[in-house]
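Per this note's numbering, residue 1 is the first one in the sequence shown, and the count goes up by one each step.
Honestly, the hints are just simulated from the structure, not real lab data.
Quick reminder that beta carbons are idealized off the backbone N, C-alpha and C, glycines included.
Do not take every clue at face value.
As the list claims (entries may be wrong) - Simulated restraints on C-beta separations:
hint, residue 1, residue 2, range
1, F236, I45, 48 to 56 angstroms
2, F236, V73, 53 to 61 angstroms
3, I30, N235, 42 to 50 angstroms
4, A70, A396, 28 to 36 angstroms
5, I30, A358, 35 to 43 angstroms
6, V104, P199, 34 to 42 angstroms
7, W53, M248, 49 to 57 angstroms
What the hints assert, rightly or not - In the DSBU-like style, the derived pairs of lysine-lysine whose C-alpha atoms are separated by at most 35 angstroms in a straight line are:
hint, residue 1, residue 2
8, K54, K368
9, K368, K274
10, K143, K47
11, K116, K401
12, K269, K368
13, K116, K47
14, K22, K401
15, K143, K55
16, K58, K118
17, K58, K116
18, K143, K54
19, K22, K47
20, K269, K58
21, K55, K116
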Amino acid sequence: MAYYLYLLIALTPFLAVSPLIKWHGVPTGIIYGGLAGLFVIGTVIRKPGILKWKKIRKTPLAIPLLVFFAANVLSTFRTIVLGGFKAVHLSNLQELAYLVFATVFYWAMVNFIKSKQKVNQSLQAFLLGAAAASLYGLVMFIKTLAANNFSASDFAAVRLYGTAGEPQVFGGFLITILPLLAAAILYRLNFIRPLFYYPGAVLLLLALTATLSAGAMAGFGLAVIFLLLFIPYYNFRQLVSFVLIFVMVGSSVFVLSETVSPGYSAAFKTVTYKFTARIPSFDQLRDHDDNGMDGTYKVLQKSESGLDSIDSGYLPSVRSKVERSWFRAALWDMFNSAPVLGVGPGNFGYLYNSFRPAGSENPPYVPKPHNQYLEILAETGLAGALAFVWVLLGIAGIFYKSWRAANGENRKLLVGLAASLLAVGVHGYGFGILVHIQVWLLLAITVSFAGITNRTSGGRYI
Numbered sequence: 001m002a003y004y005l006y007l008l009i010a011l012t013p014f015l016a017v018s019p020l021i022k023w024h025g026v027p028t029g030i031i032y033g034g035l036a037g038l039f040v041i042g043t044v045i046r047k048p049g050i051l052k053w054k055k056i057r058k059t060p061l062a063i064p065l066l067v068f069f070a071a072n073v074l075s076t077f078r079t080i081v082l083g084g085f086k087a088v089h090l091s092n093l094q095e096l097a098y099l100v101f102a103t104v105f106y107w108a109m110v111n112f113i114k115s116k117q118k119v120n121q122s123l124q125a126f127l128l129g130a131a132a133a134s135l136y137g138l139v140m141f142i143k144t145l146a147a148n149n150f151s152a153s154d155f156a157a158v159r160l161y162g163t164a165g166e167p168q169v170f171g172g173f174l175i176t177i178l179p180l181l182a183a184a185i186l187y188r189l190n191f192i193r194p195l196f197y198y199p200g201a202v203l204l205l206l207a208l209t210a211t212l213s214a215g216a217m218a219g220f221g222l223a224v225i226f227l228l229l230f231i232p233y234y235n236f237r238q239l240v241s242f243v244l245i246f247v248m249v250g251s252s253v254f255v256l257s258e259t260v261s262p263g264y265s266a267a268f269k270t271v272t273y274k275f276t277a278r279i280p281s282f283d284q285l286r287d288h289d290d291n292g293m294d295g296t297y298k299v300l301q302k303s304e305s306g307l308d309s310i311d312s313g314y315l316p317s318v319r320s321k322v323e324r325s326w327f328r329a330a331l332w333d334m335f336n337s338a339p340v341l342g343v344g345p346g347n348f349g350y351l352y353n354s355f356r357p358a359g360s361e362n363p364p365y366v367p368k369p370h371n372q373y374l375e376i377l378a379e380t381g382l383a384g385a386l387a388f389v390w391v392l393l394g395i396a397g398i399f400y401k402s403w404r405a406a407n408g409e410n411r412k413l414l415v416g417l418a419a420s421l422l423a424v425g426v427h428g429y430g431f432g433i434l435v436h437i438q439v440w441l442l443l444a445i446t447v448s449f450a451g452i453t454n455r456t457s458g459g460r461y462i
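Kindly produce the complete structure, drawing on both the sequences and the hints.
Here is the structure:
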């Protein structure tokens, strides 16, 4: 059963990162869900006692997660009361079904991973899957560059998709494990063989860089800063070897930009632009003759952002930055319209045009919120937001208790796991994180390891 779980974890980037991608006509998410369901059934057969309520409520985070699910159900019920069953969309049911699936899978994993060996082997499987997916992504990336088969309008450079349907989705997957690999190099952790440290880190970091995902890069950057704060855990030699990895990746990107794909220099400037440039006010956009994105770009050129010399290669970043500001404004207005229970899980895309700010364009697609925290607040109201805060406080409490009980080596691994969760959390400001199963996998492994640390140190999990 253990090796089945490790295989399932290793297959995550291929089957679950973008679950709507089809394999022989079947969505890969359905395949992954079936495989995960078999694992849950197998775990219950092996340990039938975990089905007892007394055991369930003692599973770390079980109660706040159940309350969070209840808040989503109540929000959906509010939608039915106000608009009848015809007001319920497929996305509402998908959100609830996925939350059930992810929570049950998390619960089964926490009850199955009860030894340090299983934690280490789960992390090894995670890294193996990430490395294989990154290698596949880089091969396809190089083939695309060699064929010159890409649109210059896309960030002025080709982006790496990996095994996902979107670059930022694959970037989000990579940062669930890359900070932990960085911790392994910096702190000399022993959950993987040192031989894999450097090639694995270079492979994953190159793949992350090629996604040009600003949110994922920001998450990883802050995770690295977090790791560097724990100075007693590394020495000068370890720090130098850690820095060399970034030098190697940076040099590779420079060579790429100077030879195969000159647009990469401009592409990285557009990523920087996302963090530094100010966007025009809604009044500026509304009063402009052209309310389309080209008009927005012209307003930006004339603004006080110091971007008078900006060229059209920035247009995709302009679109992303401005459009996401519209999404945040709409999310806040949705919350104000239904502050207690929200407008319903999964309803953002259907309600966006009713709440989008004046001066914004009508998107030709169903938009995504691109902010996990405001999405929870808007769609489930204060009930869901407070339940989610309870989950976050529960995670913080788990780390605190385990930190007090852990020894030096276990503390280093705890810091690495915390860095990965931090990266995911930062990415959540610009992207959805709860809808990706790798986040739940990381959380389950972290909670399992924290529980093992408490038990082996004589502590008690509460």
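A quick look at each hint next to the structure:
For the pair F236 and I45, the beta carbons lie near 52 angstroms from each other, so the given range of 48 to 56 angstroms is met. The hinted window of 53 to 61 angstroms between F236 and V73 holds, with their beta carbons roughly 54 angstroms apart. With their beta carbons about 49 angstroms apart, I30 and N235 fall inside the hinted range of 42 to 50 angstroms. The supplied range of 28 to 36 angstroms is broken by A70 and A396, whose beta-carbon atoms lie about 22 angstroms from each other.
Distance hint check: the CB atoms of I30 and A358 are about 41 angstroms apart, consistent with the given range 35 to 43 angstroms. For V104 paired with P199, a C-beta distance near 36 angstroms keeps the hint of 34 to 42 angstroms intact. For the pair W53 and M248, the supplied restraint of 49 to 57 angstroms holds, since their beta-carbon distance comes to about 53 angstroms. Distance hint between K54 and K368 is unfulfilled; the C-alpha atoms sit about 38 angstroms from each other, more than 35 angstroms.
For the given pair, K368 sits about 18 angstroms from K274 by alpha-carbon distance, which is consistent with the 35 angstroms threshold. Using a Cα cut-off of 35 angstroms, the hinted pair K143 and K47 is violated, with the two alpha carbons roughly 48 angstroms apart. For a cut-off of 35 angstroms, the pair hint linking K116 to K401 stands: about 17 angstroms separates their Cα positions. For the proposed pair K269 and K368, the alpha carbon gap of about 25 angstroms is at most 35 angstroms, so the pair holds.
Straight-line distance between C-alpha atoms of K116 and K47 comes to about 19 angstroms, which keeps the hinted pair within the 35 angstroms bound. For the given pair, K22 sits about 43 angstroms from K401 by alpha-carbon distance, which is inconsistent with the 35 angstroms threshold. At most 35 angstroms may separate the alpha-carbon atoms for a hinted pair to count; K143 and K55 exceed this at roughly 52 angstroms. This hinted pair checks out: K58 and K118 have alpha carbons roughly 21 angstroms apart, not beyond 35 angstroms.
At most 35 angstroms may separate the alpha-carbon atoms for a hinted pair to count; K58 and K116 meet this at roughly 20 angstroms. A C-alpha spacing of about 55 angstroms is found between K143 and K54, which places the hinted pair above 35 angstroms, so the restraint is violated. Simply put, K22 and K47 have alpha-carbon atoms about 34 angstroms apart, close enough for the 35 angstroms limit, and the pair holds. With a C-alpha separation of about 49 angstroms, the suggested pairing of K269 with K58 is violated against the 35 angstroms cut-off.
Pair hint K55 plus K116 holds up; C-alpha atoms about 21 angstroms apart against a cutoff of 35 angstroms.
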